[in-house]
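Same order as they appear, the protein sequences are chains D and P. First residue of the first sequence: 1, per the UniProt record's numbering; consecutive thereafter. First residue of the second sequence: 1, per the UniProt record's numbering; consecutive thereafter.
Hints listed in this document are in silico derivations from the structure and should not be mistaken for laboratory results. Everything numeric in this text was worked out from a predicted model, so none of it was measured. Do not rely on the hints blindly, as some may be mistaken.
As the list claims (entries may be wrong) - List of simulated lysine-lysine pairs, DSS-like, C-alpha gap at most 30 Å: (1) 147(P) / 200(D); (2) 138(D) / 150(P); (3) 192(D) / 221(P); (4) 150(P) / 220(D); (5) 192(D) / 147(P).
Chain by chain, the residues run as shown.
Number of protein chains: 2
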Amino acid sequence: MISVILLGAGNVASHLYKVFHNSDTITVTQWYNRHIDKISTFKNEVEITDDLSALKRADIYIIAVSDDAIATVSEALPFQDRFVVHTSGTASLYDIDAKHRRGVFYPLQTFTKGAEVDFSNIPLCIEGLKKSDFKLLKRLAEGIGSKDYKVSTEQRKRLHIAAVFANNFTNQMYRIAHEITEANQIEFEILKPLILETAKKIQTMSPYMAQTGPAVRGDKKTAKQHLNLIENPQHKAIYKLLTESINDTHGRKKL
Amino acid sequence: MISVILLGAGNVASHLYKVFHNSDTITVTQWYNRHIDKISTFKNEVEITDDLSALKRADIYIIAVSDDAIATVSEALPFQDRFVVHTSGTASLYDIDAKHRRGVFYPLQTFTKGAEVDFSNIPLCIEGLKKSDFKLLKRLAEGIGSKDYKVSTEQRKRLHIAAVFANNFTNQMYRIAHEITEANQIEFEILKPLILETAKKIQTMSPYMAQTGPAVRGDKKTAKQHLNLIENPQHKAIYKLLTESINDTHGRKKL
Ligand SMILES: NC(=O)c1ccc[n+]([C@@H]2O[C@H](COP(=O)([O-])OP(=O)(O)OC[C@H]3O[C@@H](n4cnc5c(N)ncnc54)[C@H](OP(=O)(O)O)[C@@H]3O)[C@@H](O)[C@H]2O)c1
Ligand SMILES: NC(=O)c1ccc[n+]([C@@H]2O[C@H](COP(=O)([O-])OP(=O)(O)OC[C@H]3O[C@@H](n4cnc5c(N)ncnc54)[C@H](OP(=O)(O)O)[C@@H]3O)[C@@H](O)[C@H]2O)c1
């Protein structure tokens, strides 16, 4: 049994709590949040606290708080030489106070409270300074059915940038498509199968091979027509820049 | 039974041929392509030709050739008053020569030869000048299990732009993520669950609600760190512009 104490009650901590709670090999010893009301509905399932000095002993302390607060919270922990990890894609391993054994347990997925997540489909990027700590994180990932990847701090930072493109920026493409359909009395619904297929396609084909459309065809006439029809200047700028980017990737001449 | 003659042998025509061929209510009377070798493997299943003057009579002629060639091909058809449609998201209904009864049968999906497609999941945007022609296209869509949407030429043009964002530009986000992982010896594999989840999320939640990450959080520190780490100037420009776009959508201050 791996004993865990969770710190934080945001998107990530809430999902981790649920999946740890349902695991046969993991037990949540305590759940801390500075505002206890956020976790008080769980008080019959798990020991909750808003007092760092009341923290018990556990194999792993998981700090799932905002990136900016990781250093402060880890410093405020009233013990040392225990295994403390954060869940951030950007924060350094060294943001955790040096008095602890340090590690990272970064789930590469987009979490929203409410939306269900299936951890068996979530890659876990793990890092640990000591070999035994690293192994413990591997077992923790296994305990929730996740695939683990050994990723260095430098790699994790780059991976987070890649994830911003693959998730946040992709989602903004959906948003702009939504704005365009709404402005033209078209149901956004009609685009959903295309969006799903676009993501499914690259599960088995490289994004390079999967590209279609006017930009990769070098179809300047269509691109120009589109630019004339787009009224929003920001959408226009994005259309131009991304068409150029596709042109460059596929060795086409610019617009 | 609806009889169809297909013109063209590209991505769209090939997939249409397959699904029509398997439909109980549709028969492919002939398949035309200017280069007959591209369709010669089908010669035992369907009558093939590279000669427009040899075209038979059918309920619908579907011109699935490059956008630029629609006008020429429709003009070259040696008959009149028959129902001729194209499959383009951009071309006007009026690109089809006026001697025909005109229509549009635009499948809103990304097609690549080889990759399987499930037409029951493909919205079909249909347009027809005559009511009876419009109804025939509705039945054609039903015959392949697709949902049909009545979309005007103006709407279809905008929808195509929205699709460029939702598909081509989204796929380029994947491509850039791929470039970043490759440059840092990380398996692109690790991003695939995130990419799929991002697309799945907006099937039930608006892209506005689904947004996460540094830009929507107004986390300028992370955005600046990322910009410092990104070496490719084009990736940098895209990161900036899309961060601004997310900021604007969610009413955050700019970088
Ligand atoms: N969301 C994602 O998709 C995602 C994915 C992978 C990794 N991550 C990482 O996971 C971590 C948590 O992200 P999240 O999305 O769960 O954040 P979140 O939903 O915004 O929740 C932040 C949590 O941090 C706590 N907190 C903030 N400042 C604090 C402070 N000074 N002292 C104590 N607690 C403080 C908040 O406490 P209160 O409840 O008391 O306000 C809240 O429980 C971050 O490092 C993030 O980078 C997020
Ligand atoms: N690909 C998609 O994801 C997609 C999705 C929805 C709609 N569409 C639309 O569907 C149509 C076809 O697209 P596609 O992707 O199937 O194109 P494609 O794969 O590039 O194939 C183009 C076809 O057009 C033929 N063609 C080109 N110029 C011609 C000419 N002057 N005379 C006769 N035939 C000519 C080609 O003949 P050869 O084989 O002899 O070269 C080829 O068979 C376009 O209007 C496109 O906008 C495409």
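Hints, verified against the model:
1. Taking the CA atoms of residue 147(P) and residue 200(D), the gap is about 20 Å. The hint holds against a cut of 30 Å.
2. In summary, the hint linking residue 138(D) to residue 150(P) is not supported, as the alpha carbons are separated by about 53 Å, beyond the 30 Å threshold.
3. Distance restraint check for residue 192(D) and residue 221(P): the Cα-Cα separation of roughly 33 Å exceeds the 30 Å cut-off, and the hinted pair is therefore not satisfied.
4. Distance hint between residue 150(P) and residue 220(D) is fulfilled; the C-alpha atoms sit about 28 Å from each other, no more than 30 Å.
5. At roughly 13 Å between alpha-carbon atoms, residue 192(D) and residue 147(P) fall within 30 Å of each other, so this suggested pair holds.
The structure fails hints 2 and 3 (numbered hints given earlier, in ascending order).
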